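**Q** Residue-level listing of the chains:
There are 2 protein chains.
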Amino acid sequence: MRSSAMRDMMSLTERPEVISLAGGLPETRTFPPELYAKLMGKVAAESTARALQYGPTEGMACTVKCIVEVMAAEGTSVDPDEVLVTTGGQQVIDLMCKTLIDPGDTIVAEAPTYPGAVPTFDAYQANVVQIEMDSDGMPIDELERTLDRLQDEGRGPKFIYTIPNFQNPAGVTMSLPRRHRLVEVAREREILVLEDNPYGLLRYEGEPLSTLHSLDALAAKRGGASDFIVYLGTFSKILSPGVRLGWAVAPRPVLEKLNLCKQGADLCSSPVTQLFVAAYFEERARGGARDGGLGGARSGTDGAGSNGDEPLWLAHLESLKELYRARRDVMLEALGEHFGSAASWTKPRGGLFIWATLPDYIDTTDLLARALESEAVAFVPGRAAYLDGRGASSMRLNFAGVGEEDIREGIKRIGKVVREQVGLFGTLTGAQPAERAGTRDAAAQDAEGRSDDPSMAQVVELPRREQRKAERRSR
Amino acid sequence: MRSSAMRDMMSLTERPEVISLAGGLPETRTFPPELYAKLMGKVAAESTARALQYGPTEGMACTVKCIVEVMAAEGTSVDPDEVLVTTGGQQVIDLMCKTLIDPGDTIVAEAPTYPGAVPTFDAYQANVVQIEMDSDGMPIDELERTLDRLQDEGRGPKFIYTIPNFQNPAGVTMSLPRRHRLVEVAREREILVLEDNPYGLLRYEGEPLSTLHSLDALAAKRGGASDFIVYLGTFSKILSPGVRLGWAVAPRPVLEKLNLCKQGADLCSSPVTQLFVAAYFEERARGGARDGGLGGARSGTDGAGSNGDEPLWLAHLESLKELYRARRDVMLEALGEHFGSAASWTKPRGGLFIWATLPDYIDTTDLLARALESEAVAFVPGRAAYLDGRGASSMRLNFAGVGEEDIREGIKRIGKVVREQVGLFGTLTGAQPAERAGTRDAAAQDAEGRSDDPSMAQVVELPRREQRKAERRSR
Chain A
1 MRSSAMRDMM SLTERPEVIS LAGGLPETRT FPPELYAKLM GKVAAESTAR ALQYGPTEGM
61 ACTVKCIVEV MAAEGTSVDP DEVLVTTGGQ QVIDLMCKTL IDPGDTIVAE APTYPGAVPT
121 FDAYQANVVQ IEMDSDGMPI DELERTLDRL QDEGRGPKFI YTIPNFQNPA GVTMSLPRRH
181 RLVEVARERE ILVLEDNPYG LLRYEGEPLS TLHSLDALAA KRGGASDFIV YLGTFSKILS
241 PGVRLGWAVA PRPVLEKLNL CKQGADLCSS PVTQLFVAAY FEERARGGAR DGGLGGARSG
301 TDGAGSNGDE PLWLAHLESL KELYRARRDV MLEALGEHFG SAASWTKPRG GLFIWATLPD
361 YIDTTDLLAR ALESEAVAFV PGRAAYLDGR GASSMRLNFA GVGEEDIREG IKRIGKVVRE
421 QVGLFGTLTG AQPAERAGTR DAAAQDAEGR SDDPSMAQVV ELPRREQRKA ERRSR
Chain B
476 MRSSAMRDMM SLTERPEVIS LAGGLPETRT FPPELYAKLM GKVAAESTAR ALQYGPTEGM
536 ACTVKCIVEV MAAEGTSVDP DEVLVTTGGQ QVIDLMCKTL IDPGDTIVAE APTYPGAVPT
596 FDAYQANVVQ IEMDSDGMPI DELERTLDRL QDEGRGPKFI YTIPNFQNPA GVTMSLPRRH
656 RLVEVARERE ILVLEDNPYG LLRYEGEPLS TLHSLDALAA KRGGASDFIV YLGTFSKILS
716 PGVRLGWAVA PRPVLEKLNL CKQGADLCSS PVTQLFVAAY FEERARGGAR DGGLGGARSG
776 TDGAGSNGDE PLWLAHLESL KELYRARRDV MLEALGEHFG SAASWTKPRG GLFIWATLPD
836 YIDTTDLLAR ALESEAVAFV PGRAAYLDGR GASSMRLNFA GVGEEDIREG IKRIGKVVRE
896 QVGLFGTLTG AQPAERAGTR DAAAQDAEGR SDDPSMAQVV ELPRREQRKA ERRSR
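Keeping their order, the protein sequence lines are chains A and B. Heads up: the first sequence runs through residues 1 to 475, numbered per my numbering. Heads up: the second sequence runs through residues 476 to 950, numbered per my numbering.
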């Protein structure tokens, strides 16, 4: 019912006058219509009958080839036989639950966690234990203590769910030492880890960190195969969510079960969109792809289209990164201007989301109702990222899917509602609202991704206070 | 594991030299590539950004409009607000289980039932009770006795699953009196019925019969809304399985839950393919659509394309029906020639499948291995349509997805393997293989869809004998 009430509220965000910073939307307006028509024309000429027919459950070989290429760009080598093409990355989460979870089984996740995983975990009646993150992602020592406790209680987890890069919603990234340690823990205890990595290639600063899959494959010494990592990838954030194509890379016994469950779920993913993706990955950019803006993506259409030396998808990715980096900076600036001292927020080095936290006495679910009604602006209230009612004073803000003007205006509107609430609190209680530092201009991070940005640490500590508060309430 | 072994075997059918009568494939080679390119070009020009973006979970309004149009062609009026667009019809079965089934819960289905539902029911650990069909579909008196028994045992079903038209795999159709009675039973006992209707519009002779949904809506007197029927529809058989688009029409409280589960399963179905379908449904045929062959489908591309007075999708449907009717007749003729007296089979009045039954001593799972290895031909062994090991001497044959020459050659090859097995049995036992009547040339059927064709009755009685055999074995 919580999810359902949430959806009702979110459906209001579809009114045209609403500025929505709520969705997990990437920008799709920069994809050239001529390129879309060209790629579909190519599919039509070569494979109309195949596009319209059922495909194999595991996915078409031409699409798996693209996936291997994307994984290689993430520094991760995979065997095409260990790939399952899915209907969006979301389906991987669903299939993992379907394969592994009986009602009451435990999943360990981050706190906060991906709001879209919450209804899935709910549907399978999983018992989700969430580990508080700090600015370096999930603390593995805390994870180990939790695993010890769960084991003592006879309810060890079926899998650990993590988003190591630019986490949705918190925006934080797991440091390299923690990645190494997480893989060791998985191997020592023989626990599967679901590595959800939609945003890894959307890094706006700093060096990429190894995937858990590649670290486990190194340890496994089985020629690139991993023992305990189920990797979730998707075309949604590097190309388009509308194609509804993601993938799992998994150890064979797990892959076999995921495949069987996918058969029962939707038989196969769309050959229409699989062939579209394959055609897209064959395109080459014609020079100048990296020299700014959307030139790269556009250049694929003005001529032979296959005589450059860089894949078009990489050029398009570069253009998306420039666009999102600029939008992130606009949102950070607007937050500084309009949220001011009443809030703190993360400064993500990639991905789509900023996580902002308001004073404890503000409930962002109530705030959303007010923001929608009086200011026609939307965000995701923090509670959606928890299964236990925490997160009440936080919100997720998407900076990727809306233009800079709408970001400025949207944050200004939310800021107005926030200030009204803070003022109201002062009036009602006579108290002076607590000051809260904004983000630092540049979060320092060493080569292994370890952060020393106290503002992030401050933000992600917040839920712990809320947890205590929730505990007090439940007494 | 059974499903998995089956899949391994089925993957052999993808070798190019194999004639496969196994898949549930429609014919997609008659869809004009120029039309595909044209429709996609239209989507590109008007809505590239929307196509590539996430869509609403419930489906896009333009696609729901097409669904309402298809349902109207089935004589069934539905409210767009009661429609959920899904990732193929298969997803409706999955979502129904996800919404309603806890491990051990009961589902009542037909015997045999759709082989693709079997792994889904398995995945949710449902307890499936299958009701033997006869030539008029599921006998409702037998259903009622079963419901009484289940209720006495405290395990009343969460829903009843039926394919009333040209059932997959048996090819039989539920008569109108039984439809009326089934709806009464559902209303009296307040049990949901999942009406799976992919083939209703693919009728090659006789008059269409009312859907369960329309009968229940009549009884409910709520302006077209049904109380107890969840209707499953799909574009797979009237347009393309490759678009992976189906739908559910359900009473609101059920629809709400299906929507929530779909959110967790794959967020939304592909806007790329939804907009393609919407563009397709806007096309008009330019005269001559019904005057033979594929002219209708082709005519949509040779000109303005929107100045005819018949929707192109209906013209294309007519051309598919002519094609499939002819292929069905070719398969029936080939069965008479090559299976002869050793087998019996159904003569479906629509749909994609013929169900053939061989002497009891032949196990079609073994036969498939032999047929693939020595004759490079494939079918679906009957066991795949049961959850209890029955169906061992039957097979499902698809006549829709392969050309006439391949149908003749495929049936000839299977016939050869069958005759070898029959001969082997005679050699080993000294017994004379039993004669078994083939199908009648024309199955009589009255205006209410009641059949008087004894050959169908004979075929569908078979499993009962097998059941007794299975019971003997299990003692």
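Any given hint could be a false lead.
Partial chain A-side listing against chain B, Cβ under 10 Å, derived [what the hints assert, rightly or not]: (1) Val243; (2) Gln263; (3) Gly264; (4) Val417.
These aren't lab readings, by the way, just hints derived from the structure by calculation. Since this is a predicted model, take the numbers as computed values, not measurements. In this text, a Cβ means the ideal position worked out from N, Cα and C, and glycines have one as well.
**Q** When the structure is checked against the list of hints, which entries are broken? Sort them ascending.
**A** Result: hint 4 breaks, nothing else.
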